[in-house]
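Enquirer: With the sequences and hints as input, model every part of the structure.
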Amino acid sequence: MSNICLITALPVEARPLVAHFRLSSVAHRYLRLYRGEHCILLQCGVGKLNAAAATAAMLEYCPQVNAIVNVGIAGADQPLGTVVIAHAIKDEGSGRQWFPHLPAKRKLADAASIDVLTVDSARTNYDKQTAFDMEASGVALAASKRIDMAFVHSVKVVSDNGESPIDAISLSSVTTGMEKTFNVVENLIDTLPFDTQAKNQTIDHCVNELTKRIHYTETEKHKLTRLLQRLQATQGHIPSADDLAGHSNAKKIRIQLQQNLDNTPVRY
Amino acid sequence: MDTIYIEKEVRYLPRTEAILNRYNQARHVEINRYTDVFNAPAQNFRTQKKNPALILARKHGKRVLPTPPGYHIGGVHNYYFSHMLNCVYDCRYCFLQGMYRSANYVVFVNYDDFFNDIKSQAAEHTEPSWYFSGYDCDSLALEPMTEFMQRCLDAFSEMPNAMLEIRTKSTQTRQLANRKVINNCVIAYSLSPQEIVKAEEHKTPSLAKRIASLKTLQLKGWKIGLRFDPLIKSDNYQQLYGQLFHEVFTELDASKVHSVSLGPFRLPRPFYKKMIRLYPESKLLSAEMNMRDNMLSYDKNTENNMLKFCEKELQNYVSADQYFPCVSVP
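Protein sequence lines, in the order shown, are assigned to chains A and B.
Residue 1 is where the first sequence starts when you use this note's numbering, and the numbers rise one by one after that.
Residue 1 is where the second sequence starts when you use this note's numbering, and the numbers rise one by one after that.
Hints are all accurate, no fakes.
Not everything, but these chain B residues come out facing chain A in the computed CB check (under 8 Å): (1) V37; (2) N44; (3) N51; (4) P193; (5) A199; (6) E281; (7) K283.
Restricting the straight-line Cα-Cα distance to at most 20 Å, the calculated cross-link-like pairs of lysine-lysine (PhoX-like) are: (8) B:K8 to A:K128; (9) B:K274 to A:K221; (10) B:K274 to A:K145; (11) B:K50 to B:K203; (12) B:K198 to B:K50; (13) B:K198 to B:K209; (14) B:K50 to A:K105; (15) B:K273 to A:K221; (16) A:K223 to B:K283; (17) B:K300 to B:K312; (18) B:K50 to A:K107; (19) B:K273 to B:K283; (20) A:K223 to B:K273; (21) A:K212 to A:K252; (22) A:K223 to B:K274; (23) A:K180 to A:K107.
Each pair of labels, with its calculated beta carbon distance range: (24) B:K273 to A:K251: 18 to 24 Å; (25) A:K221 to B:K312: 41 to 47 Å; (26) B:D36 to A:E37: 33 to 39 Å; (27) A:R96 to B:D112: 31 to 37 Å; (28) B:S206 to A:A122: 56 to 62 Å; (29) A:V46 to B:D112: 46 to 52 Å; (30) B:A40 to A:R22: 33 to 39 Å.
By construction, these hints were calculated from the structure, which means they are not laboratory data.
Note that beta-carbon positions come from the ideal geometry of N, C-alpha and C, so glycine has one too.
Expert: Next comes the structure, spelled out in structure tokens:
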């Protein structure tokens, strides 16, 4: 399953993204989830509590997710259909704030950045520098417990402003607005997550094989991993699990690896 | 810079305006306090290092702090100050990776407050007191943007009783080379063998370029310092450091070097653990480290052998009164 999750509040916001990314429904008792080749999508419900609860539940159910993009409509003193990305997410009720570390501007040419203020009820005192929404802070709160804020973003499309207030929002205007976010969302999917520490598959595989055959405590497993990392750094390779198969316990394997390390010259 | 955060308090200061005009294509984000961004949880140093943001702020509170014990180059009263947090370079041994959650750069734009504090501090001593720049950042790497050192040198030119050390790896020395030398300033370069520069000091100028900058500055009349710090362990360290000293002193007039210091590699344990998580397969961090005096370092034997070797080699080039066995402790 993909590691990027799009999060929308309403079905009308989700539908265009589901169609565009060719997502199909995932059977889940409590979550409205969709999945496809490039991303998964969570429709979390209205309000920051729903957003936080659903995001947290999704992260438990989909532990591979390491990037989140909250996509939805917002009100701002900007032309309708303007797509913006949050450089700050603020919760009006608690005063808490999050600062997503934005990708390079050239990767998001279509979206200006803005403060996104999550409010508990609809607002009409529109502001050029602020987009009002109702979910972003809930998503940020839950997501930031597990994910680096470089990989948690909020993309909004302006659905209402001073000239066209919230009452004028229709299903078709939301659909049209969400379609305008596709470019930015695609760019984010291509960009995220960037430069995460690639896990060393060889070391992980070796540790998994050894811990299948021999009992390891968590501390011993950590020591084993660290020894293998140091060997990789100094030798450029590590012994395979088969090379170490002759040892009957964790301590003997550690001793062997430490000896390998001690016998490896380190030169620059 | 793609993103610049600006504290509301400093938004309309001339220094802030000058920096914002330099980067007028960047996203400008107003914030209350720099700590809201810099100290926020859920940040990854390594990720941000790829594309750091800039934060413009005012430094409140104590701006001039005493150096750790043992950190001096002959002075009795020693202080350090940081006009900037975080460094443009990416040295694998740097304690900043373990100290800060964020890799974003913070520039404190209230320069005059720093200079006034230094002036007040210097006035408390009858003997000259020392002020070290470059603890939390490279002093010169972002000088074209900050112009801090220019202002700093102007201030120190009026404080003959205050001695300034500018610590750097940068070759951004054009403005220094073109201005009038002041006698109470030492420009000190951190130097490592080129093989270690290539492997562990990412994004820094080469050893040859640093030596060239040093030579230019020395010929212009600036006092220069050489900081062989930290000393990095390897099985061929004698060859590497022997060659390093030879290269340096072939180009520079050793008799006119103000000071030379050696620094063993030491880190607080919590910093080390963070750095391991960021770079688990780093060659430098794969070395065996021991706890001593509340710091992680190479074993005592290895450290002493390296120091003794380097001291002995340096005796071929500099006199005892030029050498300071500085312990540069984070």
